[in-house]
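Protein chains: 2
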Amino acid sequence: MGSEPTKVMVAVNGSTIKEYPHPSISSKRAFEWTLEKIVRSNTSDFKILLLHVQVTDEDGFDDVDSVYASPDDFRSMRETNKAKGLHLLEFFVKKCHEIGVACEAWIKIGDPKDVICKEVTRVQPDFLVVGSRGLGRFQKVFVGTVSAFCVKHAECPVLTIKRNPDETPSDLADD
Amino acid sequence: MGSEPTKVMVAVNGSTIKEYPHPSISSKRAFEWTLEKIVRSNTSDFKILLLHVQVTDEDGFDDVDSVYASPDDFRSMRETNKAKGLHLLEFFVKKCHEIGVACEAWIKIGDPKDVICKEVTRVQPDFLVVGSRGLGRFQKVFVGTVSAFCVKHAECPVLTIKRNPDETPSDLADD
Numbered sequence: 001m002g003s004e005p006t007k008v009m010v011a012v013n014g015s016t017i018k019e020y021p022h023p024s025i026s027s028k029r030a031f032e033w034t035l036e037k038i039v040r041s042n043t044s045d046f047k048i049l050l051l052h053v054q055v056t057d058e059d060g061f062d063d064v065d066s067v068y069a070s071p072d073d074f075r076s077m078r079e080t081n082k083a084k085g086l087h088l089l090e091f092f093v094k095k096c097h098e099i100g101v102a103c104e105a106w107i108k109i110g111d112p113k114d115v116i117c118k119e120v121t122r123v124q125p126d127f128l129v130v131g132s133r134g135l136g137r138f139q140k141v142f143v144g145t146v147s148a149f150c151v152k153h154a155e156c157p158v159l160t161i162k163r164n165p166d167e168t169p170s171d172l173a174d175d
Numbered sequence: 001m002g003s004e005p006t007k008v009m010v011a012v013n014g015s016t017i018k019e020y021p022h023p024s025i026s027s028k029r030a031f032e033w034t035l036e037k038i039v040r041s042n043t044s045d046f047k048i049l050l051l052h053v054q055v056t057d058e059d060g061f062d063d064v065d066s067v068y069a070s071p072d073d074f075r076s077m078r079e080t081n082k083a084k085g086l087h088l089l090e091f092f093v094k095k096c097h098e099i100g101v102a103c104e105a106w107i108k109i110g111d112p113k114d115v116i117c118k119e120v121t122r123v124q125p126d127f128l129v130v131g132s133r134g135l136g137r138f139q140k141v142f143v144g145t146v147s148a149f150c151v152k153h154a155e156c157p158v159l160t161i162k163r164n165p166d167e168t169p170s171d172l173a174d175d
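So the sequences go chain by chain: A and L. Residues in the first sequence are numbered consecutively from 1, following UniProt numbering. Residues in the second sequence are numbered consecutively from 1, following UniProt numbering.
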């Protein structure tokens, strides 16, 4: 029981239903649950590390009406995308400040499951929190699940938090 | 942030290496890690619920030299077994008392993964802690993994904690 705070890495991502800077149902739930049930009022005992992994290819599809005529256009798209990522992180950082728990937040680009596990190895949090959509076996084949991969491969304990039944959208793959 | 303590169910089992009432490497590690990193010194904010599931058939093999001549012999075997289970729980309850965190402990008989998920539904802890041997895909087919089943099926968040590399026995299935 040292005096160092427990470092909690929370992986957060954007919603597939609302527009991008909105947090996904599962990452919002995982984050809020962690504050309520683990951190509680002992804010000086914990530090929240917020990691958002951007999937570049997929996000490019947001801009279907855009015309890309020069390398600058792509740079500008990447910057817009980065701004949305920062806006997403702002939501979580604000909540941490409201309750007075220390936090850090950063963005990485790549395949979320791989990047999360690499960041765990690099940053060495005490544990990792991941939201889960609670998909069945058949759905997993098509949309993959980041949480199951992290439980298996992350080099730290992993807390998996499913969405509440009443928050679950009709298409389970949505979030 | 209500005043109700966070209820943490920890599934514990016996060692396959040392004699039965000794805790397994993975459940001892999961329990101690939870006290150190989650409960910390905030003992009044948490309540530990210790569940030990006994696998009757398997445990019967401990008594290969015994002769069973009457129903009473089986009853006595079951009672010896129960005593060992209580002895296992005593290890964990003692540690809780040492640091001053409230706890409850009980034994159930059956298939651990099913019983743990049923007890989660019945008791409704805030989250479940399970130790994991960190088995690969091939090994899982033969020995099964309780932790992966619980992450998928338990009706509460699940914290999966692997053994430390330096505690891992040469046969990964051992614990």
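Any given hint could turn out to be false.
Below, a list of computed lysine-lysine pairs in the BS3-like style, where the Cα atoms sit at most 30 Å apart [said to hold, decoys possible]: (1) L:K37 to A:K95; (2) L:K118 to A:K47; (3) L:K82 to L:K94; (4) A:K47 to L:K82; (5) L:K108 to A:K152; (6) L:K7 to L:K152; (7) A:K37 to L:K82; (8) A:K95 to A:K18; (9) L:K94 to A:K118; (10) A:K108 to L:K152; (11) A:K108 to L:K95; (12) A:K84 to A:K37; (13) A:K37 to A:K108; (14) L:K118 to A:K37; (15) L:K118 to L:K95; (16) L:K82 to A:K18; (17) A:K95 to L:K18; (18) A:K47 to L:K108; (19) L:K95 to L:K47; (20) A:K152 to L:K82; (21) A:K37 to L:K94; (22) A:K94 to A:K118; (23) A:K82 to A:K47.
Non-contacting residues of chain L with respect to chain A, defined by C-beta distances greater than 12 Å in every case (computed) [claimed, not checked]: (24) E19; (25) A83; (26) P157.
Footprint (simulated), chain A over chain L, 3 or more residues, beta carbon under 8 Å [unchecked claim]: (27) 67 to 77; (28) 111 to 124.
These are computed hints drawn from the structure, not numbers from a lab. Ideal Cβ positions, reconstructed from N, Cα and C, are used throughout, including at glycine.
>> So, against the hints stated earlier in the document, which numbers end up violated here?
In response: 2, 4, 7, 9, 11, 16, 17, 18, 20, 26, 27, 28
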